[in-house]
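Just so you know, the sequences run in chain order A and B.
Numbering of the first sequence is given in the numbering used here, commencing with residue 39 and proceeding in unit increments.
Numbering of the second sequence is given in the numbering used here, commencing with residue 35 and proceeding in unit increments.
Honestly, the hints are just simulated from the structure, not real lab data.
Heads up, the beta-carbon is just placed ideally off N, CA and C, and yes, glycines get one too.
A couple of the hints might just be wrong.
Below, in silico cross-link-like pairs of lysine to aspartate or glutamate (DMTMM-like), each with a Cα-Cα straight-line distance of 20 Å or less [stated by the list, open to error]:
| # | chain 1 | residue 1 | chain 2 | residue 2 |
| --- | --- | --- | --- | --- |
| 1 | B | K228 | A | D474 |
| 2 | B | K262 | A | E493 |
| 3 | B | K534 | B | D548 |
| 4 | B | K251 | A | D657 |
| 5 | A | K182 | B | E597 |
| 6 | A | K336 | A | D474 |
| 7 | B | K274 | B | E287 |
| 8 | B | K534 | B | E588 |
| 9 | A | K182 | B | E542 |
| 10 | B | K239 | A | D471 |
| 11 | B | K251 | A | E178 |
| 12 | A | K150 | B | E246 |
| 13 | A | K146 | B | E588 |
| 14 | B | K274 | B | E246 |
| 15 | B | K309 | B | D297 |
| 16 | B | K554 | B | E589 |
| 17 | B | K364 | B | D297 |
Computed footprint of chain A on chain B, listed as stretches where at least three residues anywhere in the stretch have a Cβ under 8 Å from a Cβ of chain A [unchecked claim]:
| # | stretch |
| --- | --- |
| 18 | 80–88 |
| 19 | 262–274 |
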Amino acid sequence: MWRVGIDVGGTFTDLYAWQEGNNREVTAKVLTTKDDRSRGVMNALAEAGIEARDVAYLMHGTTTATNALITRDYPEAAMITTEGFRDTIEIGRQHRAQLYDPYQTKPKPIIKRRYRYSIDERMDVKGEVVRPLDPGRAREIAEKIKANGIQSVAIAFINAYVNPAHENAMRDIVLEVNPGIYCVTSADTRPVFREHGRFTTTAIRAATMPVMERYFSRLEASLKEAGFAGRLMILKSSGGITGVEAAIQHPEELIESGPAGGVAYAAYLNELRGDCPNIIHTDVGGTSFDVSIVENGKGLVTRDHEIEWEIPVIVPMLDIHSVGAGGGSIGWVDEGGSLRVGPQSAGSSPGPVCYGLGGTEPTITDANLLLGRIEPSLGGKMQLDRDAAEQAMERLAETFGLSAIETAEGMIRIGCENMAQAVKKVLVGRGRDPRDFVYAAFGGAGAMHACFVAESMNIPRIIVPAQAGVASAFGATAMDLRQDLEAFYFCAVGDADVEAINSLYAVLERDAVALLEADGVKAADVTVTRSAQMRYVGQGYEVETPIPGGKLTAADLPKIAETFHKCHEMEFGVSSDDFAPAIVSLSVTAVGRTARPPALTVDASGREPLKGTRQVWFDGAWHESNIYDGHALVADATVAGPCIVEFEHACAVLPPHARGKVDQYGNMLIDLV
Amino acid sequence: MDKKVKVDASVIEQTRVDPVTFEVLRSIFEYAADRMSTVLQRASFSPILADMVDFSNAIYDSEAKLLSQAANCPIHLAAMKFSAEAIIARYPREQMQPGDVYVVNDPYQGGTHINDITFLMPIFFDGDILGFAVSRGHWMDLGGGAAGGQAFGGTHIAGEGLRLPPLKLYEQGQVREDLLAIIVNNTRTPHFVKGDLQAHVGCLKAAQQEMERAAEKYGAATLRAAMKQLQEYTERIVRKSIAEMPDGVYEAEDYADTDGHSDKPIPIKVKLIIKGSDITVDFEGTGPMVKGAINSPYANTASATLYSLQFFLAPYAPQNQGMFEPITIKLPDDCWLNAKWPAPTIGCTTLTSCKITSAIWQALAKACPEKVTGSTNAECNWFVSSVIAPDGSTDVFSDLPAGGWGGTPYADGMNVTEDPLGNCMNMPAETAELLFPIAYEAFELRTDSGGPGRHRGGLGAIFKVRYLADGELSMESARTFEGSPGVNGGQRSDVQRQIKLHTDGRREVIGGLDEAGNWKSPLLASVPFRYGETFMFESTGGGGWGNPLERNVEEVLDDVLDEYISAAAAKRHYGVVIDEQTMTVDQAATAKLREAMRAQASAPA
């Protein structure tokens, strides 16, 4: 039976699969079918020659929820809030994205104002009823929802995170009048304080639930029709997988479903090799550069993610930062006469000048071609037009009195510096030192730029994973099942009631394990870790602090405070005994371990790795450089820069001072010396 | 690619650092300032910094010329430079040591209002000063006659709080406990002082770290050259933009409703003289210093002038000294925009600055009507309130419910967005309720508050907070006589108003115009609120852009469906008749009404 990982991206649908028992592995890449993405999934299986009935597990990463949100392409949803807070999701936090742009506008709210209703009811901050829910108004709203034919409703009341009784009563009335529609509450979505994040996340859940149910049912139907009898698992933004039922109920957890696979792959590299617990995961595509951190073998998560300006999703998500820097990024001269690269991108249409599809402005890909770093026939896939790229580069170069080749190298330096700033934002912005990390280069163009980006931050070691070209699909097969649950508990540590904390954790752990059991995990295979969102009393931001397992006693509280001080120091560079630490909420992460892909060794390819030599431009001069077939390199093979290592879906560029060595699993380690 | 222009090659040849290294350093400088703000927001303790983000951070070169600034509060943009200069005037560079941190908040020595407190740290590299890291934050309370310094009845700066001249607060990394004790002793919120100070120092250190890293890699000489080049680069962008505007003299005015002592508006007169690639901003004709707390010291007026122009000159250029070079500011000596000791200034950053912006934008609209937007609500609407907690202790909370922005040549204005002067965030209701004995009852859009126009002004808000303890509220506001002006035929928005809702349901207008047309000053000074009473505020929207009769009928209908405007307003301002039973447009009646309204508008008076 096969375990299959499939990642549906914007352009390509990638597949990686391995066969239980004989450890055979297979990869495939097909075009994404944008009208109905489930077709692309079936195409990928066909391309890989895998029969649906032979699939035991299908792990699936999808950007369907994100696409629906960004294009606002979902059935109209309604929202019901406490009176006075109808516009919380539209007003946001009243600040703007661009400080000085007089023409800027804000993104459209997730739910239109005409379908947002408010009702007289009120809980106080302790969860006591100030004013009861107005039942007449509740029924009137439920009838309006019916009259408008709305199928999905978000209910979000102030202070519902302490007491959800009014939200639940409202939901009962909505469902009584509108049986069978989707109806979600904010306390159920994420019972934590701060209304803007909780309300918006609830609106996102309501809006995407019908979309995801439709998509997953279509996919399940296609799979079943083809004989699939295995389990369909979905990648979550938190870096774990979940069953399809839970995915439909929690669509807000699928926002970064695709990139999560790549991060899981980065974590898996450490499981495999044991020497790289801290990895910077990077992925260079056509238009964007994604970066995130794996620390101590785990992807770093955030609760501050915004899908657009002031549209936050407050569930734990891998902290993936994205900037407009990729192969298609355009080199241009700004109004002050400075050479810039991106964020504008030629994308895949018209694409770089060398593609000959109408692009006229030089891109990073054109620059790499001129520098000799890309082979002009792309391994026979497509003939690139070097002359056109050179002419475009000359036009840009004229402005600066530089040559085309100097400008090309300059574009790469600037593009790589933009990527380095993005890495720093994620790393240094969260108190980490880049030098403690290994730089992992994913994506087709990741390894072309890795040495330069890493060098800019003094990171000495780079790893190019064996399956860099289908990284997210591979990572999907290396992911554990995961559930993250959270409960609000706001209290200074000094005043905390250990018994209350113990009972809250007991409930969270019971619920999390039950969710995993529903996905077929045995309770014995579950690992539960606890954490708390903590801050100093009065602060506005929390730091995730690990909490010991088992029954806590009063003696644990000072230890928890101590751990918090350390975590705060790590994230923000400061800590202080002058301030009392406080707990804001308690979280558990329950993980059900899954099988891992086989650790296949690369010991005999039978092919000659050295394909020839080519002139490649580094540091202002041409260098005669070896060109290698990356798939022919076996364990312990070494290569020395300047050289180029070509893979089927990726390519590594090693400048003169770089040394590469292939490990037994086919990953290439590059050291900058 | 719209920002792409052909650049004269001769301009580039003047550069000393190669174009690639220049671009790399440009992004490093920008990142360094951004990182300062990340650290300050995350590590600060008081809600006004951590939640509302009322602060700014910048890096200056060794001549105290701005090198880069994080995108936080525009009103701090140029003002911090005056603080840096005041500190350097008192403590010469050659006496500075690594690890020193200086502080100043005196409005008459480079400050603006007392609550904006500025910290400066020299950045050393190889024994020389490479530049300065500067961090300015609005501290919740530094004493004075009312919570948060908002003593709007006062007539002397001494009533607004602790006024610190330039002082050395840290000596080579060691805090001077005597000075710290004075600060802690002079605030209603002593518990925030150490934590916020630690956060400011952490952010200064972050800047130092980034600049050191860059200097190690590229060398101090390259960095210095790139700094100068970056300032020239911005100057080129700004000059080019000015050169594209038609030469001429353009005048406009706006006004503050009151200084708290007068019942007559206090005008700001501005004259923009555009000539070649220079602009002179002349405030001649603006009146003398006023009694109340809205006087603006030079640093504040200069900052407001510069950021107001920045919106239409170079919104995306790196912020540095280069922006200031082409702009000359002229102020009469005795002028409320050129305040001198002992004039009170607490309202200058919030109330006065946005009226300066509105006046300058209206003047710019005369130079280039196709570019300029309707006025924003031009108010910060900042209030501060003390509350007595059940245990008898006093706490201070604050919020700044925003209004709307003006319609633009391309779109409707933004709803409820902080005025150009800042980019603060509001206080989340659920945070406020956890921390203070209050209940937030509303913060939602105010129907019909946006100025009508082909592109409508964004909406203002209805804001309500109920006291669950006794307290006193002070607040600055304006736009109570008239709403925000529109441009190009766009109309004014509605007025702002402050209200007290009594426990018996009675509604009392405490600032602005009531239903009978009686007006009260919107500068509220320590207004008592008792347990159970509610403070309500109606903010206004932005001014409209273009003739409302040219607004697309479907857009008007959408606005009515979403209750951004009422059906009555659709008819009155837009000439669109909507059947409220079917919620559809009566096309025939609309065509007829619009025609009649057009005829009336063009008829001789």
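Query - Hint numbers contradicted by this structure - result: 1, 2, 7, 8, 9, 11, 12, 14, 15, 16 and 17
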